[in-house]
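Chains A and X supply the protein sequences, listed in that same order. When the count follows my numbering, it moves up by one through the first sequence with no breaks and lands on 347 for the last residue. When the count follows my numbering, it moves up by one through the second sequence with no breaks and lands on 1347 for the last residue.
FYI, nobody ran anything at the bench for these hints, they're computed from the structure. There may be inaccurate statements among the hints.
To be verified - Here are some chain A residues pointing at chain X (derived, C-beta under 10 Å): (1) Glu16; (2) Trp43; (3) Val64; (4) Tyr146; (5) Pro277; (6) Pro280; (7) Pro284; (8) Ile291; (9) Asp304.
To be verified - No farther apart than 20 Å at their CA atoms in a straight line, the calculated lysine to any residue pairs in the SDA-like style are these: (10) Lys1251(X) <-> Ile286(A); (11) Lys1251(X) <-> Pro280(A); (12) Lys251(A) <-> Glu219(A); (13) Lys251(A) <-> Phe1285(X); (14) Lys251(A) <-> Leu1042(X); (15) Lys1251(X) <-> Gly1107(X); (16) Lys251(A) <-> Arg1233(X); (17) Lys1251(X) <-> Val17(A).
Backbone N, C-alpha and C fix where the C-beta goes; we use that ideal spot for every residue, glycine too.
Number of protein chains: 2
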Amino acid sequence: MRAALYVSAGNVVVGEVPDASISAPTDAVVRVLRSCICGSDLWSYRGIVERAAGSRLGHEFIGVVEAIGAEVTTLRPGDLVVAPFQWSDNTCPACLDGIQTSCQNGGTFGAPGTDGGQGEAVRVPRADGTLVAVAEGTSGVQPSLYPALLATSDVMATGLHGAVLAGVSEGSTVAVIGDGAVGLCAVLGAVSVLGAERVILLSRHADRSAIGRSFGASEVIAERGEAGIAAVRELTGGLGVRHVVEAVGTKQSWEMAVGMARDGGSIGAVGVPHTAPELPLFQPFIHHLSINLGIAPVRRYLPDLMTRIMGGTLNPGPVFDASMGLEEVARGYAAMDSRTAIKVMLS
Amino acid sequence: MRAALYVSAGNVVVGEVPDASISAPTDAVVRVLRSCICGSDLWSYRGIVERAAGSRLGHEFIGVVEAIGAEVTTLRPGDLVVAPFQWSDNTCPACLDGIQTSCQNGGTFGAPGTDGGQGEAVRVPRADGTLVAVAEGTSGVQPSLYPALLATSDVMATGLHGAVLAGVSEGSTVAVIGDGAVGLCAVLGAVSVLGAERVILLSRHADRSAIGRSFGASEVIAERGEAGIAAVRELTGGLGVRHVVEAVGTKQSWEMAVGMARDGGSIGAVGVPHTAPELPLFQPFIHHLSINLGIAPVRRYLPDLMTRIMGGTLNPGPVFDASMGLEEVARGYAAMDSRTAIKVMLS
């Protein structure tokens, strides 16, 4: 089958790989309908994070169950499913805590020895604990909903998780740092799922802030650093915001998050700290901050998000502003790397 | 009047200072019954934190109201009161959030231009918002309760706050890093106030761990660093603990806190990060930790803690293992510096 392969920084190709197949009785094989490129895929593409030459790419996909192992009980061939970007058994202590990303039998699609989402099919370990069926079979699911459903496999759930970690609830005022797909989905999750009243989006790109506004952002701040902090403080009576979503993961974004949080406030951090920033603790201590970090346990949120999408009350689909075939994946990476696309869908 | 004065690192004296007096209509003057030396006072005593020569010392005291300003309405001369280590108006946005340590009109006793607790009397700004009366007059309060009441002015409330920040509730398992007075009070607060079921105290001093056990610690771990982490993990089925109180504030104690926390767990940090440790964010991110820091808003906890003490259900008094007169304050600092005393009460 065909799948995207990492060659080296800046060089991604599509090549022939062994067909996805059942190798454990708890596996399923999913024929990919749509996959996409993640902001986190860019870390290796940009040479910031090492990745083995020839390794598979992609961890977000929706598709149709093609085969199931002997022990899989909740899925049937033909089911339309969404996969979280990590698989999990959904029964271990961490999963029962709702932290499926810490599953003792879990793993990430695209890691060495596994299939990536950017390919024609994927072997899904722990299928019962991982995949969530949108519908028995594919009937009744309009392809127009595929982008929204695909977004739940990572960015929609991750953005929402950031808002949850930041303690957002009905009526909250929240600032979102980062206007990538995760930041934009944090806006949508804060407003549509959690009932935030006011969302301040930090964004300096017109296309992204437009989506942010359509997702419910009430204000957009283009300034960064100290100026961005000052602007947010001015909008909040000098006090700062109670809830900050950090959806970037760099030293600068952390400084902004700490600087704009109200005393006693909460930061929800879902930006992967790839550059290993270190957080000076004195300011958070003095200002009595709650700092909540974590890889989003997408599996926890999937059923609810899928219900909202199928019910027509949630549509994160607009985060995909470019769409192309799998064979054009190199162009997709280049578009995201150059920020000419927010997020690229592959089909 | 007489008061303790900082001369230089390792050198503390008692000298003559101007009498405490009302200077604003919201002030009260409190005649000190008992005060004490804080672990945080040792930072300047040890030369780690700068302090102006001649500055006043101490921020914990109980006493009797001697005079009140024209606008003070909740207190009367003769009332026995407890002072939190910071004053606050208890009406500003931060105070209404229960973060009185961020009060816009607040300050710390012993800061430049203010009276310290280690003296014969103290001018208390914002007296209505700061002081809590144990009783009208001093009658009905046995001097045997003074140590317990004095402990609420900082360490008891701070220890409890650490457990609150760590999310401790009925039935919790919690690890407490630090066997100073704050750590010991975290044990007591977790067990007696919040209903924790199991408290693992990290302590290598026999006298301190004995108090910890009497306060409710179920296990004591003497190991530090990686060995301490391994010991706590072994006691918790390899998973780590859901709740960690960090009551030291050093790089090593933070490494231990992160290392022993269960995935999805919470760290409550009340150890003042004087040495400005920086927290590497990758591990807390991967392990999905909630990190909650803050100077304890003692004022929030005072009424409840005082009720428990007067009702005989809470007694943090044993954290004071040495008692001496104000004139002997230099000996008190030396005793705490050399760890021959946990906490010194002055009268």
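Verification of the hints:
1. A hinted interface residue such as Glu16(A) counts as satisfied when its beta carbon comes closer than 10 Å to some beta carbon of chain X; here the least separation is about 34 Å, so the hint is violated.
2. Violation of the interface hint for Trp43(A) is found here, the shortest Cβ-Cβ separation to chain X being roughly 13 Å, above the 10 Å cut-off.
3. The criterion of a C-beta within 10 Å of any C-beta in chain X is not met by Val64(A), whose closest approach is roughly 31 Å, and the hint is violated.
4. Given the 10 Å rule on beta carbons, the hint for Tyr146(A) is violated: about 29 Å separates it from the nearest Cβ of chain X.
5. The beta carbon of Pro277(A) is positioned within 10 Å of a beta carbon in chain X (closest approach about 6 Å), and the interface hint is therefore held.
6. With 10 Å as the threshold, the beta carbon of Pro280(A) comes within range of chain X, its nearest partner Cβ sitting at about 5 Å, so the hint holds.
7. For Pro284(A), the suggested interface contact is upheld, since its CB lies about 5 Å from the closest CB of chain X, less than 10 Å.
8. A cut of 10 Å between beta carbons decides the hint on Ile291(A): the least distance to chain X is about 4 Å, and the hint holds.
9. The restraint placing Asp304(A) at the interface with chain X is violated, with a minimum CB-CB distance near 19 Å, outside the 10 Å limit.
10. For the suggested pair Lys1251(X) and Ile286(A), the alpha carbons sit about 17 Å apart, so the restraint of at most 20 Å is met.
11. For the hint linking Lys1251(X) to Pro280(A), the alpha-carbon distance of about 11 Å falls within 20 Å, and the restraint holds.
12. For the given pair, Lys251(A) sits about 24 Å from Glu219(A) by alpha-carbon distance, which is inconsistent with the 20 Å threshold.
13. At roughly 14 Å between alpha-carbon atoms, Lys251(A) and Phe1285(X) fall within 20 Å of each other, so this suggested pair holds.
14. Distance check on the hinted pair: Lys251(A) and Leu1042(X) sit about 32 Å apart at the alpha-carbon level, beyond 20 Å; violated.
15. Straight-line distance between C-alpha atoms of Lys1251(X) and Gly1107(X) comes to about 27 Å, which puts the hinted pair past the 20 Å bound.
16. Proximity of Lys251(A) to Arg1233(X) is assessed by CA-CA distance (about 31 Å); at most 20 Å being required, the pair is judged violated.
17. Between Lys1251(X) and Val17(A), the direct Cα distance comes to roughly 47 Å. Violation of the 20 Å bound is thereby established for this hinted pair.
The structure shown violates the earlier hints numbered 1, 2, 3, 4, 9, 12, 14, 15, 16, 17.
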